[in-house]
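Enquirer: In order, the protein sequences belong to chains A and B.
Mapping of the first sequence onto the numbering used here: residues 53 to 561, in sequence order.
Mapping of the second sequence onto the numbering used here: residues 53 to 561, in sequence order.
There is no bait here: all hints are sound.
Given that identical chains are not distinguished, each listed pair holds provided it fits within a single copy or across any two copies.
The calculated lysine-lysine pairs, modelled on DSS-like cross-linking and capped at a C-alpha distance of 25 Å, are:
#: 1; residue 1: K168; residue 2: K339
#: 2; residue 1: K63; residue 2: K102
#: 3; residue 1: K503; residue 2: K373
#: 4; residue 1: K102; residue 2: K339
#: 5; residue 1: K102; residue 2: K67
Just so you know, these hints were derived from the structure itself, not from any lab.
2 protein chains.
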Amino acid sequence: MAKRDQENYRKLFEKSYEAKILEGISNILGWDQETMMPEGASAIRGEQLKTMAGLIHKSKTSPDFKEALSNLIDIKNGKIIAKGLSKEQESALKCWRKDYLRDVALPEEFVKNFAKITSEAQVVWRNAKKDNNFKLFAPYLEKIIDLVKQKSRHLSKKGSHPYDALLDEYEPGMTTEDVDSLFKKIKDPIIALLNKIKSKKQVKDDFLHGKFPDSKQVSFSQTLLDDMGYDKAYGRLDFSSHPFSSSSHPTDSRITTRIHPTSLMSNISVILHEGGHALYEMGLDPKEYGSPLGQAVSLGIHESQSRFWETRIGKNKAFWKHYFPLLKKAFPKGLEKIDLDLFYKAINKVEPSFIRVEADEVTYPLHVILRFELEKDLIEGKLKVKDLPKAWNKKMKEYFGITPKNDQEGCLQDVHWSMGAFGYFPTYALGNMYAAQLFETLEKEQPNLEKKLEKGQIAFLKEWLKAKVYRYGRQFESLELLKESTGKPFTEKAYVDYLQKKYKEIYGL
Amino acid sequence: MAKRDQENYRKLFEKSYEAKILEGISNILGWDQETMMPEGASAIRGEQLKTMAGLIHKSKTSPDFKEALSNLIDIKNGKIIAKGLSKEQESALKCWRKDYLRDVALPEEFVKNFAKITSEAQVVWRNAKKDNNFKLFAPYLEKIIDLVKQKSRHLSKKGSHPYDALLDEYEPGMTTEDVDSLFKKIKDPIIALLNKIKSKKQVKDDFLHGKFPDSKQVSFSQTLLDDMGYDKAYGRLDFSSHPFSSSSHPTDSRITTRIHPTSLMSNISVILHEGGHALYEMGLDPKEYGSPLGQAVSLGIHESQSRFWETRIGKNKAFWKHYFPLLKKAFPKGLEKIDLDLFYKAINKVEPSFIRVEADEVTYPLHVILRFELEKDLIEGKLKVKDLPKAWNKKMKEYFGITPKNDQEGCLQDVHWSMGAFGYFPTYALGNMYAAQLFETLEKEQPNLEKKLEKGQIAFLKEWLKAKVYRYGRQFESLELLKESTGKPFTEKAYVDYLQKKYKEIYGL
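Chain A on its own, in the form it takes in the complex (with noise of 0.2 Å):
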């Protein structure tokens, strides 16, 4: 019996390895198309990306994968038939279950529907951008909360809060009541710390912006990453006008950065954020790869490795310790004066600022908040589109203090709800708090932690990181995952603290 479930787990197995080498090969051509395709292949790339979102949908979706799953799970009542399973393997199943219920939810007419109004809405959002004309958007961002709320229709339980169904293609197992909770929890002593840092003198951050050469920022790069533990024989690094990684594998597991040549830590905090994103992919058991135990748990978690890296490490004064001697040795002009202190200082410098991607650690999270609010009231029918700019500004004000002069550095900064993307934002914010209980795991289990980072001993972090989080796949959810390797539930509270003691030293509150 229990020999007949591991066959049929087998083929199971194999079904969704097929599927998932078309996803890898569907990475590939987006990645290439972000670095390398000429520009006047856009068109073809379209049909060839349209067309392995097809193939994809299609293998997921199929008679075949339904027969050999429904060998092993009541597909209906989500109750595991098969026998002796390992633990792992029934939250495969479990996972594979979820997977396919979502991906049938969808008509195959409207999967293609959604994917062709959002790729245009793509263009026409970059035009309006450009030209700082909301209204030009706005119609299409109407047709595209329509089309969200019929997904949403599409794929909610009954009862459950329409931004739910959303939310949970990003961050599995998590409610808006969740992120709701998290999110007030958090709001207001941000936003109290912010006021306090902007009563206070601020520091000064002049040295990091001058001119920084290239080919030094880039070898600066290929440090970190040697010293991080990104393997090169397994990815490579390119560079795009917006930084990102992409993995097919975890033998293959790429990165691009982009290069200030006036900003010294930009391309620093690009490094570290993406090679964290990259250490994740490479990490994943490569025998598992097509099972959900060889896939990365959600966004949230995602972001926490990425987070992890560029604000935990790499705004870390004893990091720093080791490593800005390096960095006056490269670009000597301008830093020859400066002390690890004033570094440290700048480069955790707050100030509030109209652009999430630039933000510090303590605007960043209000960025998130704002978007999530604001999203989760249009896909209510609360806020209308032609409302949003006003919406945007208002909080903005409120939580910041500040005014965009116009859309452009307001709501359409971000690419994500012309992709249709709802229920992403969060996450970001997630990643930083999922991180920070990490962090607080990772100081408790390593005593000489400062010591180890002073001397510039960073790639043992791989190794924690593979033990905490990469080793499980999605064999847990979120917060699940962050009880099992944190030992205690998942809170708020080793984030804000973090926060509130950081600031408090270098502001001097």
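Knowing the structure of chain A, use the given hints to seat chain B on it.
Expert: Chain B alone, transformed into the frame defined by chain A:
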């Protein structure tokens, strides 16, 4: 009736387009593998390519495709049923039928096994070549020849030569007898020419070898590509250990080169050669993408395009009248005392050598004829694998007057046999011969050709080749196309005349 047939034609075209999109994706994966892919990803890339090959085969042999085809043409006897198709559409139908019959004739199990064995064999061949150990490769070559013979049996018409079906994959419409007869006609005159040249004083070419900075070589490449009319909006230039061109659509046709820091002409030849291939793919009608009317005719015609640019333009004195001063400017050291006449003789130096890809224009076809004769003997069973090295060396002595000191520079030099690509080699020589008849026509139609080349005007050649070759797609098979484009049946005459006249002058014969 005609209207319904047009509708059916459109349906067939759509089915075929699907397969073409998949082939384009596969080409991108292949390009990435040779240029960008991290080395550790080779195993998963193999899986991705295998998956794509399966999908392509499935699409091309699907019941849907068969039905769409049957509505227009009797698949068994090739009689066109549809009324009111254009003559171009009728040609396309015949190609579709031919391709279909070839695709369904090979059982899927056979295709997979062939892919598996040749994939392994390529690794073994690489090692055998590196270690100069033919015995290592021999058992694989035996297996491959056995598979190739099976393939021939699957594909062969009754009573045909077993090599015919192999050749037909690369040069549709051409038979073993055709090639045999053409090669016999050129072999003796070329050997005679070579022997005369050998009896004369050799030309000086030491100044082509020295130190030529990479960056300047690359920048000279860019100039040439721009002047040829290779539009970077639809392609790109990269580096790989073996140069190649790879197209996934007329809007995405990429090439690679390699830079030898001590050889001035290597990269220039590659650029003109691969550029010629790429211009052909870029010049195919994008509206016909997916139909035979949007495909290249054959490998021989493809090679006629690359060799047209590499040899007929790139080894032409009028061309260098314009470009040699630019070359001297880019690489003053070593060239300052060289005049155009010396340079022209040097780049056309004839010398028997062991490696095909480095051969001059006169010895090149002999390398191909040698391989053709040997592979025909292997397929006919007249030659045993174990006797191959001896047979190779014997022919080298006979045609070139030299003997390889080992198999690395002998029968292990080319990748083709390890890939199972029997029937491929003849197309290299056919390409040169086709190019000669095309060039003869060009000279007739453009009395000012020399003057134009002397002024560096080469962009018009792309338009001329478009009118003569690109625009037809596969409307005609190779020899029909040459007749259509040059106004007379194809013969070897233009080719032999060209070689004799040119080298008589250079060597004062």
